[in-house]
Amino acid sequence: MKKILFLFAIVFLLASVIIHNNYSINQNICIYSNIAEPIFNISFNEAVILDNINTVARYSFKISNFKDNIISDIPFYYYFHLENLTPDFSISCYMDNTEITLSNFMSEKYLLNNLTKEEHIFTIIINYTGNFNASISTNFKLKIIYEQYNH
Numbered sequence: 841m842k843k844i845l846f847l848f849a850i851v852f853l854l855a856s857v858i859i860h861n862n863y864s865i866n867q868n869i870c871i872y873s874n875i876a877e878p879i880f881n882i883s884f885n886e887a888v889i890l891d892n893i894n895t896v897a898r899y900s901f902k903i904s905n906f907k908d909n910i911i912s913d914i915p916f917y918y919y920f921h922l923e924n925l926t927p928d929f930s931i932s933c934y935m936d937n938t939e940i941t942l943s944n945f946m947s948e949k950y951l952l953n954n955l956t957k958e959e960h961i962f963t964i965i966i967n968y969t970g971n972f973n974a975s976i977s978t979n980f981k982l983k984i985i986y987e988q989y990n991h
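Just so you know, we're using this note's numbering here: the sequence shown kicks off at 841 and counts up by one.
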């Protein structure tokens, strides 16, 4: 009887150790996540001056998704608009040498994709068509608004 009780205790002990090991396996989970690199690079040309002698100004700027050979991990939508323009000025706008239409001095939305280098070159031609006897005193503002594009 002692042998049976002893064998029962050993079997019970081994069974509990085996069951305990099967149900209490701890596993360390290591999660590594890079933070996405958002790059929205804008480079402007020098400021242009409009006056009564120089009535046409050509202004260019570039928008790209890379800087120093590092490409953005995030795609962006963006648009731009011009502020402080009066009816005395006519505007022509080009994107990569193709004329684009501005609605109320605002562009449509453009997409800069991620993971491949992209660059958009814009040229804005501002022509003063107003009274040449009056002085031109307006500060134009170019505002660029961008947001992350979610697929």
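Calculated from the structure, these hints are not laboratory results. There's no promise every hint is true.
Below 25 Å or equal to it, Euclidean Cα-Cα: the simulated DSS-like pairs (lysine-lysine) are [to be verified]:
#1 Lys983 / Lys957
#2 Lys907 / Lys843
#3 Lys842 / Lys902
#4 Lys902 / Lys957
#5 Lys843 / Lys902
#6 Lys949 / Lys981
#7 Lys983 / Lys949
#8 Lys842 / Lys907
#9 Lys907 / Lys949
#10 Lys902 / Lys981
The following label-pair restraints were derived from C-beta to C-beta distances [to be verified]:
#11 Ala876 / Asp928: 13 to 23 Å
#12 Glu923 / Asn892: 50 to 60 Å
#13 His960 / Ser930: 15 to 25 Å
#14 Asn924 / Leu951: 24 to 34 Å
#15 Asp908 / Gly970: 37 to 47 Å
#16 Leu853 / Ala876: 22 to 32 Å
#17 Gly970 / Ser900: 21 to 31 Å
#18 Ser930 / Asp908: 22 to 32 Å
#19 Thr963 / Asn924: 41 to 51 Å
#20 Asp908 / Tyr989: 20 to 30 Å
#21 Asn924 / Ser900: 31 to 41 Å
No experiment lies behind these values; they were computed from the predicted model shown. Every residue, glycine too, gets a C-beta built ideally from N, C-alpha and C.
Practice item. Give me the numbers of the hints this structure contradicts, sorted from smallest to largest. Key: Failing hints, ascending: 2, 3, 5, 8, 11, 12, 16, 18, 19 and 21.
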